[in-house]
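Asks: Below, each chain spelled out in residue letters.
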Amino acid sequence: MSKPVPITDSDFEKTVLQSEKPVLVDFWATWCGPCRMVAPIVDELAEEYAGKISFVKLDVDQNPKTAAKYSIMSIPTLLIFKQGKPVSHIVGFRPKEELRRSLAGVLG
Amino acid sequence: MDNHSYDVVIIGGGPAGLSAGLYTSRARLDSLLIEKGLWGGQIANVEQIENFPGFPDGIGGFELGQLMQQQAAKYGLKTVSGQVTAIELHGEQKIIKTTEGDFTAKVVIIAGGSERQKLGVPGEEKFTGKGVSYCATCDAAFFRDRPVAIAGGGNSAITEALHLSRYASKVTIIHRRHQLRATSILQERALAEPKIAFLWDTVVEKIEGEDFVKRLRLRQLLTGEESTLEVAGIFVAIGFQPDTDYLKAILPLDETGHIITNEKMETAIPGILAAGDIRHNSARQAITAAGDGATAAIYAERFLTEH
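Line order of the protein sequences matches chains V and C.
Going by the numbering used here, the residue at position 26 of the first sequence is 140; the numbering climbs one at a time, nothing skipped.
Going by the numbering used here, the residue at position 218 of the second sequence is 396; the numbering climbs one at a time, nothing skipped.
Chain V extracted, bound-state conformation (with noise of 0.2 Å):
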């Protein structure tokens, strides 16, 4: 099983930024309805994707610096970053198909 591991301001930096492999981070926070439709989605492609792209999930409310210095104001927002840099931006519910064109995309 690999879940979405939860992250914080203080280790974004570590397990984002600095990670060798693409990561998709699912920015989200617990009134949002959205959020809670495109988090099992989350759940399937990051179990599909396990071992190429690490999935993690950043709660809005409880880390507003990480939100803030990328300039969510919509949430869900999903951003894919290769080598600490936002390649793939991707605002609202979206379909699973869609999804995995922008994680083949960033694989390419």
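FYI, nobody ran anything at the bench for these hints, they're computed from the structure.
Among these hints, one or two may not hold up.
Said to hold, decoys possible - Calculated lysine-lysine pairs in the DSBU-like style (CA-CA distance at most 30 Å, straight line):
(1) LYS256(C) <-> LYS210(V)
(2) LYS179(V) <-> LYS252(C)
(3) LYS275(C) <-> LYS296(C)
(4) LYS210(V) <-> LYS373(C)
(5) LYS348(C) <-> LYS210(V)
(6) LYS196(V) <-> LYS304(C)
(7) LYS210(V) <-> LYS296(C)
(8) LYS199(V) <-> LYS275(C)
(9) LYS117(V) <-> LYS442(C)
Given the structure of chain V, go ahead and fit chain C onto it with the hints provided.
Replies: Frame of chain V; chain C shown alone:
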């Protein structure tokens, strides 16, 4: 492909679809419900529902959706997570094509609801997630102490404006008519809220900014006068549109794309029924959708008995 043939396939897991599923399952009909997102549909994004009887203190929309699903599942309703792409008719059998494979049924109840309508103005797409939002409960907290606007004048617009007023420095409601359509109790709350201002007979023509939304270009419909409004965010709540493109080829729809039914929720095709917001002239309330779903289930059962 799933070779099994169901008695009933229900499309959509909001109040209409889950009520239909509750009734068909209790009638011991072999029932499958297909939902693309979250239990509850539109209500899952509503912070608090105050007009569903039985909950005198209101109930969270997300929670209500979960409870409806649990209640139907208790009586045997099967569910699958996927999106329907087409319905094909093969004699009395209907084949429901989805992203997760095909399903066969004798009866289909379409309860797919509707989605937020877009403004359709320049800048809307570019700034989505950068100040343009369709979900105030999701995004209000990002606009703490900053001015925002909301387009619309119905129940959703006013509910969201009230929610936004807890965070934003100012909330301007931009409405194309001269009075609100929202229910009186919501209007009273909005008029009493000092942070909420109104621009009547006004529409958004353009959303501008650099990386993020900075201002709106507005037009007063009666005078034609143009103006700008400096905001950090614009929330869109101008109505809903049904997801019925995939049905055009087989079902008569009204001019806004809603499905035409009779009072038994039957469409023009025997064995296909529709319930909830997706219907022509729906009142678009959780409670009326639930009523539609129950009605559809009862007539679905009669149809199966007779065929």
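Asks: Each hint needs a verdict: does it hold in this structure or not?
Replies: Tested hints:
Distance restraint check for LYS256(C) and LYS210(V): the Cα-Cα separation of roughly 21 Å lies within the 30 Å cut-off, and the hinted pair is therefore satisfied. The straight-line distance between the Cα atoms of LYS179(V) and LYS252(C) is roughly 43 Å, outside the 30 Å bound, and the hint therefore fails. A threshold of 30 Å between alpha carbons decides the hint, and for LYS275(C) with LYS296(C) the separation of about 27 Å falls inside it, so the pair holds. Among the hinted pairs, LYS210(V) with LYS373(C) is inconsistent with the structure: their alpha-carbon atoms are about 40 Å apart, more than 30 Å.
The suggested pairing of LYS348(C) with LYS210(V) is violated, with an alpha-carbon distance near 37 Å, which exceeds 30 Å. Using a Cα cut-off of 30 Å, the hinted pair LYS196(V) and LYS304(C) holds, with the two alpha carbons roughly 23 Å apart. At roughly 22 Å between alpha-carbon atoms, LYS210(V) and LYS296(C) fall within 30 Å of each other, so this suggested pair holds. With a CA separation close to 39 Å, the supplied pair LYS199(V) and LYS275(C) exceeds the 30 Å bound.
Straight-line distance between C-alpha atoms of LYS117(V) and LYS442(C) comes to about 45 Å, which puts the hinted pair past the 30 Å bound.
Of the hints listed earlier, those the structure fails to meet are numbers 2, 4, 5, 8, 9, in rising order.
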